[in-house]
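Q: Residues per chain are reported as follows:
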Amino acid sequence: MRVRGKRLTPVVALLGLLSPAMAMADWTLNMSPGVTGTSNQIFSLHMTILWICVAIGVVVFGVMFWSILAHRKSQGHKPANFHENTVVEILWTIVPFAILVAMAIPATATLVEMYDTTDADLDIRVTGYQWKWQYEYVDQEFGYFSNLATPADQIRNRQNKGENYLLEVDNPLVIPVGQKVRFLLTSNDVIHSWWVPAFGVKKDAIPGFINEAWVKVEEPGTYRGQCTELCGKNHGFMPVVVEAVPQDEYDTWVADQKAAAEKERELTQKDWTMEELMARGEQTYQTTCASCHQPDGSGSPPAFPALKGSAIATGDVQGHLDIVVNGKSGTAMQAFGSQLSEVDLAAVVTFERNAWGNNTGDMVTPKQVLDFKNQQ
Amino acid sequence: MSAVADTHTQEHHHGPARGISRWLLTTNHKDIGTMYLVFSFAMFLLGGSMAMVIRAELFQPGLQIVEPEFFNQMTTMHGLIMVFGAVMPAFVGLANWMLPLMIGAPDMALPRMNNWSFWLLPCAFLILVSTLFMQGGAPNFGWTFYAPLSTTYGPPSTTFFIFAIHIMGVSSIMGAINVIATILNLRAPGMTLMKMPLFVWTWLITAFLLIAVMPVLAGVVTMMLMDINFGTSFFDASGGGDPVLFQHVFWFFGHPEVYIMILPAFGAISHIVSAFSRKSLFGYSSMVYAVGAIALLSFIVWAHHMFTVGVPLAGQLFFMYATLLIAVPTGVKVFNWVTTMFRGSLSFEAPMLFAVAFIVLFTIGGFSGLMLAIAPADFQYHDTYFVVAHFHYVLVPGAIFGIFAAAYFWLPKWTGHMYDETLAKTHFWMSFVGMNLAFFPMHFLGLAGMPRRIPDYALQFADFNMVSSIGAFMFGATQLLFLFIVVKCVRGGEKAPAKPWDGAEGLEWTLPSPAPYHTFETPPEIK
Amino acid sequence: MADNQSYYVPEQSKWPIVATVGLGVTLYGVASILVNGNQGESTTASWVMFFVGALIMAYMLFGWFGSVIREGRAGLYSDQMDRSFRWGMGWFIFSEVMFFAAFFGALFYVRMFAVPWLGGEGDRGSSSMLWEGFNATWPLIQNPDPEAFPGPSEVVGPWGLPLINTILLVSSSFTITVAHHALKADNRQKLKLWLGLTIALGLAFLVLQAEEYVHAYQELQLTLDSGIYGSTFFMLTGFHGAHVTLGTLMLIIMLVRIFKGHFTADSHFGFEAAAWYWHFVDVVWLGLFVFVYIL
Ligand code: HEA
Ligand code: HEA
Ligand code: CUA
Ligand SMILES: [Cu+2]
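Residue numbers (UniProt numbering), protein chains in the order written: chain A, 1 to 376; chain B, 1 to 527; chain C, 1 to 295.
Do not take every clue at face value.
Unchecked claim - Capping the alpha-carbon separation at 25 Å, the derived lysine-lysine pairs in DSS-like fashion look like this:
1) B:K488 with A:K73
2) A:K73 with B:K499
3) B:K499 with B:K195
4) A:K373 with A:K263
5) B:K425 with A:K73
6) A:K328 with A:K270
7) A:K328 with A:K308
8) A:K328 with A:K263
9) B:K425 with B:K495
10) A:K78 with B:K488
11) C:K190 with C:K260
12) A:K270 with A:K367
It is worth saying that the hints were derived from the structure and are not from the lab. Note that the coordinates shown come from a computational prediction; the quantities given were computed from them, not determined experimentally.
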């Protein structure tokens with residue numbers, strides 16, 4: 001008992017030191033079990049190994065601290081003279097081995113289940129981009145992007161941070177509860193990794209390849225996670241938010257999405273004014289482009305060129321449209337032609353040509369963008 | 001030709017040359033060892049300062065002092081500098097100093113090459129550090145430099161980084177060849193393999209690992225070089241390659257690499273534990289076999305770093321089982337150390353304090369490693385601060401404490417003076433507290449879901465990050481004390497006897513302290 | 001170990017530091033050639049740097065090996081020293097083996113996993129959704145994205161030049177062994193003849209290899225940037241070719257030394273090291289022939 005007491009003192013002291021703060025703050029110590037079968041299995045694996053390790057630790061460190069306390073030179077202890085024993089060597093090879101086998105069995109079962117992506121009710125393609133996620137509902141034929149929604153002012157400490165600081169997006173992924181949803185994960189540029197802790201799902205999104213993962217959520221709710229593979233400067237700023245909703249709610253949502261997409265298409269035909277385009281362009285710019293080119297268009301050269309005063313953004317409209325619609329392969333500048341609607345493309349190009357002192361006065365209409373795309 | 005013969009006749013009987021040429025041109029293993037150790041400590045301070053930048057930025061949520069891009073450069077350079085600049089050279093330095101003394105050799109087997117191995121390192125790090133000042137900044141893709149972030153999307157300085165890695169590789173390979181040739185060929189008569197001190201054994205096996213995997217690292221950076229500059233498509237699916245190929249080749253190097261960073265520490269700790277227990281090491285031969293087993297297993301576990309990349313199920317299971325197996329020989333080592341202490345006559349001078357902390361804290365790091373090895377659970381741990389906690393527990397109280405322990409243990413032999421025991425104990429306790437404060441909370445952060453390599457985080461992670469930063473500052477500041485202790489010890493202090501530790505065994509303690517410039521010109525006889 | 005000769009520890013030497021500066025300057029030069037070139041900036045200064053570095057390296061090689069040779073001939077090296085050199089060379093060759101292992105590993109991985117997955121087979125077969133119209137074959141003629149990486153029009157058959165090259169290299173391994181036996185029998189005339197023959201075979205190999213590259217580039221459109229088949233092909237054969245060049249150079253130096261009267265029947269480690277290296281290069285080629293050309 002003496003031994004254990006000694007071991008615990010620093011821990012207790014540390015906890016004591018922190019306890020006033022603990023009352024008010026978030027001192028989560030452990031993994032949370034999550035809301036899916038998989039995540040619960042992982043949690044119980046985690047706890048099992050943890051306790052096994054603690055138990056081994058108590059035994060090993062127990063013996064060690066016993067020696068430290070009882071067999072000190074300062075207490076006049078004389079050294080014993082043994083230095084070999086084949087029996088104990090064999091014993092402490094076999095016993096840990098047996099423990100490991102015992103740990104490997106449930107782990108194997110869980111893993112096999114995690115890998116079973118067959119018989120899914122719904123397929124969603126998840127594509128990582130620098131630095132946002134695209135969700136495509138493969139069977140329903142629609143999709144959208146999901147960007148960080150936390151304002152730059154909060155990140156730059158000019159505004160108080162909100163409750164879901166860095167874990168909020170403009171368009172969350174929506175899935176129905178009680179259905180087996182299969183994710184087809186890939187990436188458009190570098191490797192990202194899609195993680196929702198509460199689901200126990202983390203899988204890398206690799207450019208050119210598709211990885212599969214699945215989830216079946218029983219409990220409606222909002223679940224948050226983050227990109228977990230270093231993917232460039234804004235790796236810390238590409239959260240994942242999933243809303244699990246009851247089936248009927250999901251169905252209405254799908255219908256709404258389709259209707260909205262239709263409306264968006266109609267907007268292309270509308271006659272736009274400069275003001276409207278600038279306003280919409282600014283919005284699009286801030287959500288889509290500012291992460292690289294900065295909110296004030298200054299970029300961070302040489303990796304990300306400034307658009308303020310840029311030769312392309314103040315030069316020929318076709319050249320400007322070309323780089324925005326087609327991107328530039330081999331650089332972070334993506335082909336936005338397939339990511340944004342004609343309206344947004346027109347708006348953002350108009351915006352860039354007239355903001356921050358880029359006073360070209362040009363107005364690019366959605367129809368022009370459509371024509372440009374059709375030419376190709 | 002006659003000039004050569006001339007120098008030969010004089011060379012055995014004078015001390016070191018004077019001035020800078022002593023260091024630039026030396027072929028003496030002790031000088032080279034010293035240079036390695038000094039270089040490594042300088043790199044530790046540099047890499048540590050970068051860690052301080054990281055911890056300062058993470059002190060609070062929000063972006064305060066650095067931009068995300070620079071933060072990534074700091075993380076990358078911190079990892080690279082610590083691994084290749086601080087830990088590996090420190091062990092090579094210890095090897096240079098101690099191997100010839102421990103096996104009764106006059107010097108390293110290939111002394112000129114030895115000098116070259118050393119000087120390549122400052123050259124490599126000069127290039128690496130110079131990338132910080134290049135257009136587009138230093139490498140920012142993590143010390144694991146995964147493609148395509150490091151190839152298609154890497155900064156222009158990546159090419160310089162690649163050549164720096166090449167030079168480091170050449171240096172390590174030549175250093176390792178030298179170690180193997182020395183150990184296999186220059187042992188004093190009568191010192192059979194199974195009589196070699198454990199530090200020598202662990203280094204023999206480490207050197208083997210180095211020669212086996214450094215060329216693979218060279219191979220993978222060469223493929224990067226080709227992808228970046230010559231249009232190949234090794235890591236690009238549109239040409240039929242695969243980004244994951246990069247990871248396989250990298251980790252085939254990377255996993256043995258982590259054992260390269262711990263095995264020599266195992267060796268040194270074995271000597272220290274036995275010396276301060278005044279009892280010979282328990283289970284010498286199983287210790288040797290365990291190190292061999294760890295080294296062999298280390299070649300077949302690499303994909304445990306890649307559990308989430310979509311390795312097929314069979315592969316996943318294989319790598320999980322193989323990884324779990326490594327706990328067995330490592331456990332054998334831990335149990336043997338503890339049994340060595342058991343019923344000994346223990347005293348706790350600084351080397352022993354560091355050694356005991358090593359055993360406890362490394363084991364904790366090993367336990368978290370084992371948790372990571374459980375593939376399904378790793379889906380939750382991977383790329384979170386839980387991993388960061390794991391590897392700092394095996395690296396800081398593992399590799400770094402191992403190096404501190406060895407340094408205190410052998411400082412009297414190197415300098416001829418005893419170090420200041422009170423200061424050294426202070427160094428230990430401050431390091432111990434600071435280190436645990438810095439890295440233990442990272443377990444909690446990881447389990448709560450904080451990803452690694454991020455400059456800013458959600459609010460629920462704020463409190464532990466602050467604790468961690470405070471601990472890190474404390475640990476960092478304490479290292480300046482170590483510098484002070486060493487300088488003080490070099491410049492003076494109580495004269496050290498030939499064998500300052502009554503329980504120590506081995507040839508090195510038969511020499512006077514400080515060890516003369518040339519030793520064992522005629523090999524000693526081992527009974 | 002029991003011999004009582006003292007172990008030779010050379011005096012201070014300037015060569016290591018010269019070598020460091022040489023290597024550093026050379027590689028810094030290469031890196032800036034590449035980086036400045038990619039950014040469309042002038043590379044003149046970088047080239048100068050590269051050549052200066054290369055000159056320093058050449059100076060160092062002559063100087064360093066020169067002093068080793070002088071010391072060896074002055075009889076400063078004991079048998080024990082000789083063994084150190086042997087261990088050194090042996091482990092160096094092992095490191096080279098591992099270097100090639102990385103590229104062979106890449107080749108096997110791509111063939112067994114990556115390409116089939118891209119074509120729709122196996123565990124990650126759903127990846128083929130991203131590459132419409134892509135067919136997994138090996139050698140890969142049509143790449144997943146033929147626009148970014150236009151594939152070669154044809155592959156290199158094994159039974160033409162490669163087969164001749166195989167015969168050349170294998171027989172050169174034989175001729176060098178004959179030369180070695182001649183050296184041991186102190187038959188210098190025979191030694192010169194067979195070593196000369198070995199070098200000739202090595203050079204012939206290199207010439208044919210160069211011809212094959214020209215053919216690949218000009219007629220087959222098989223290039224470094226023609227996708228993964230070209231990447232692995234040139235990486236493996238290219239590094240092998242570089243090693244043959246190095247090996248041939250070593251042999252030429254040995255021949256020069258033999259003409260100068262170096263080496264004796266029982267002390268000729270320099271020659272043996274070059275011969276080991278040559279055998280290693282030969283074995284790598286056999287691996288190449290089987291895995292790159294035939295299979
Ligand atoms: C010195 C360095 C070192 C050492 C020794 C180790 C040792 C081990 N490591 Fe660690 N590891 C790293 C350095 C190291 N590691 C680094 C740097 C990374 C991150 C790289 C990166 O991504 O940047 C990493 C990452 C890492 C991962 C990947 C995590 C991820 O990215 O998701 C895994 C997964 O399996 C792992 C496992 C292990 C295991 C099983 C051991 C084992 O060797 C541990 C064995 C020891 C023990 C188990 C304790 C003692 C044993 C007993 C007392 C016996 C009885 C015990 C039992 C039967 C339970 N390590
Ligand atoms: C042997 C290897 C080693 C060592 C010793 C350390 C030491 C430390 N590491 Fe290490 N670390 C790695 C290897 C190592 N690390 C690796 C491989 C990574 C992964 C990189 C990647 O993701 O790519 C990593 C990543 C990493 C991260 C995660 C970064 C991220 O994910 O973004 C953090 C965060 O806290 C961190 C902190 C520290 C700290 C505080 C120390 C401290 O122990 C350092 C203490 C030392 C000093 C501070 C120097 C001495 C003091 C001075 C110079 C005086 C100045 C002092 C003050 C101003 C207080 N490290
Ligand atoms: Cu996307 Cu990290
Ligand atoms: Cu590992």
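Q: Give a verdict on every hint.
A: We went through each hint and held it up to the structure:
| no. | hint | result |
| --- | --- | --- |
| 1 | B:K488 with A:K73 | violated (28 Å) |
| 2 | A:K73 with B:K499 | holds (18 Å) |
| 3 | B:K499 with B:K195 | holds (20 Å) |
| 4 | A:K373 with A:K263 | holds (20 Å) |
| 5 | B:K425 with A:K73 | holds (18 Å) |
| 6 | A:K328 with A:K270 | violated (30 Å) |
| 7 | A:K328 with A:K308 | holds (19 Å) |
| 8 | A:K328 with A:K263 | violated (30 Å) |
| 9 | B:K425 with B:K495 | holds (19 Å) |
| 10 | A:K78 with B:K488 | violated (34 Å) |
| 11 | C:K190 with C:K260 | holds (15 Å) |
| 12 | A:K270 with A:K367 | holds (9 Å) |
Hints 1, 6, 8, 10 from the list above are not met by this structure, while the remaining hints are.
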